[in-house]
Amino acid sequence: MPDKVAGVDRTGFKDAGCDPNLLAACQAGERDARGELYRIYRRDVARAVARILGGDSPDLEDAVQDTFIEVFRAIPKFRGDSLLTTWIYRVAMNVALQRLRKRRRSREAPTPPPEVATHHTPEREAAAREKTRLVERLVGKLSPKKRAVFVLHEIAGLDAPEIAKIVGSPALTVRTRLHYARKEFYKLVMEERLLDAGGSE
Amino acid sequence: MSCPGPTKLLALADGELFAGARARVEAHVGGCAPCAARLSRVDLARAELRALRDADPPELGWRRIEAQIHWNLAPRPAARRWPTWLAAAACAAGLVVCGFWAARLFPRDASSMAVVPPARAIPAVAALARTPASFEGVPTLVEGSVALVRGGRVEPLSAETRVRAGDRLVAHAGRAAIQTEAQTVFEVRPQSTVDVKALAPAWHELVLAQGEVVCRVGKRRAGERFAVVAAGREVRVRGTLFGVRRGAGEVEVVLQEGSVEIADIGSGGAPLRLRAPARVLLRDGQAAASAQVEAMAGAPLDVHLARALGGAAPLAGDGAFGSLLSVPRPAGATVLVDGVAFGLSPLALRLPPGPHLLRVERRGFDPFEETIELGPRASEIAVSLVSRSSAPTDRFAQVAAVVRSRTPELRACYERLLKRGASVEARIAIDLTVDTSGRVTRTSVLADPVVRRCVERAVRRWQFGPGSSASLTLPIAFRPGS
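Residue numbers (this note's numbering), protein chains in the order written: chain A, 1 to 201; chain B, 1 to 482.
Source of the hints: derived by calculation from the structure; they are not laboratory data. All residues carry an ideal CB built from backbone N, CA and C; glycine is no exception. A hint or two may mislead.
[As the list claims (entries may be wrong)] Cβ-to-Cβ under 8 angstroms is the rule here; a few derived chain B residues that face chain A: (1) 17; (2) 21; (3) 37; (4) 52.
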């Protein structure tokens, strides 16, 4: 299972040394066990969904919540075909992507970066923050399908076969889509003058 | 050469161009400012993407999320989601705080005290009989921290805690919402103490010892019950949003939705029935032949009670509530009891009698921590915190320096020993504790008995600088002629 191991490395999830007793207790639906699993993985899940939805997204909490609800609903069927971490990560990615699609449906514009509360941060930090937002906004200009593979590849650090499993498309399709997504994104980047060093200062 | 297209530039950035093509594009970029700018934007965007990948996980409301996860997974019919309730509770709480509608109770008719009719006692027994042990409330901390007192022990209320009948919830600075059924949640407001007397499906009873509680209650059918008891007044509801506040000598009920009945326990009198919106103020120790209730949106409304309400019965919980601990000083320090942060000092807390670990901490000061034994009476503990201006190691060094500078004084003790010709060389170890005022509070000297008494006497007279509190052991060696 080489790709699984690689996936775990790049997801930044904690080592998969999950206690089998804990897993069994979660599968039996024990509340305390669920709480413990939640505490082990909540930060990793939050980081994973934040990569997709953006760190300032207002629905991060909902996404984390939905991920764990999904995880605990499906965990009785978890047979250890992949590492638990990989599996949870995959669920998180699916939940986040679903939210992303929903968001795109509900309002055509990508999440407008909130008019930053940066007035109390040092100016340089604020400028850096603005650049991050700008990049997030450019990512948001991609179509949902392209955006999903782009984010999974460029931000979540997954490779095409892993992305294929998450989005449920053949790896080849993912590769093609990724190619066009990258092309489109970097084209946008190249013309974005606000990214220039002096652009926002 | 014309400017390379974005695909070419990207290929260059990706290192995917063959040597010849790369050299050509690089040469062009070297002399073309717009292309160089484009390329640097690509690098910048990549760095940003990497930063996004490595970003710290965001800090979220972990406890709230966990409560919601458990709630959503709990096998329950028609589970409703949290936010509506919290919003409703917050809304009702806002009513309690913001508005002010006065209502008066007429003077009490002392002759109308009645005996509790047995019919009223039966439901309580029924409640016990039908209380499944597993019925529990799921807390959500809205803000601050709230303590749970269970069997004389204090523990912090967390999302993992389950609230059961017999528990006491004490909110000093914090606020917590306890969800019990799909349609029912009650919020313990800051500065409040609530006893959970009964907690069963469709059968809840809370005793408000102090402060306020805001309740969103699902529909109750005949035989089902949700009641809040405050100062001998019982507020019973069916399908309602309401708040009860216990102030000094009065109980205030604010009703936003649905209907409530207010009865005086033990009076046997007909309860006061209210429909929303209404607010009623009931004074302790007073009963009335009629109460004036002000409907929120309209003119005052006189409600005549069929019979006089009885006086306020003493709260069963009040006496047993335990001792009052007040921490008047220092101001602005966080007071923790048994690991639960109760708020900022000065404050007074009611706690179960017995031993408690009191910790007072403030940024920039050494925390105070001590196990205190609370008796049945009030205890006042004024804590003086020591500035952390000097690190512990500095303080040790400070004390040690004083000891070294005064060591020659101890030579006289050594001389005594020499006179007795017992030994040529002497080693002693001084173990001493200095308190915050710089006084020596404890010494223990390892040495010949004669030397020990002499040294201890001398050391006890030493003064150290204020704030140099430390406990340390110092070895000292004496040699003849040194």
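For the hint on residue 37 of chain B, does the least C-beta distance to chain A fall short of 8 angstroms? With a closest approach of 6 angstroms, the residue 37 of chain B hint holds.
For the restraint on residue 52 of chain B, tell me whether the closest CB of chain A is nearer than 8 angstroms. holds (5 angstroms)
Hint residue 21 of chain B vs chain A: min CB-CB distance below 8 angstroms? Where the cut-off is 8 angstroms and the nearest Cβ of chain A is about 17 angstroms from residue 21 of chain B, the hint is violated.
Should the hint that residue 17 of chain B touches chain A count as held when the rule is a Cβ pair under 8 angstroms? Residue 17 of chain B check fails; min Cβ-Cβ to chain A is 15 angstroms, beyond 8 angstroms.
Taken one by one, the earlier hints fail for this structure at numbers 1 and 2, listed in ascending order.
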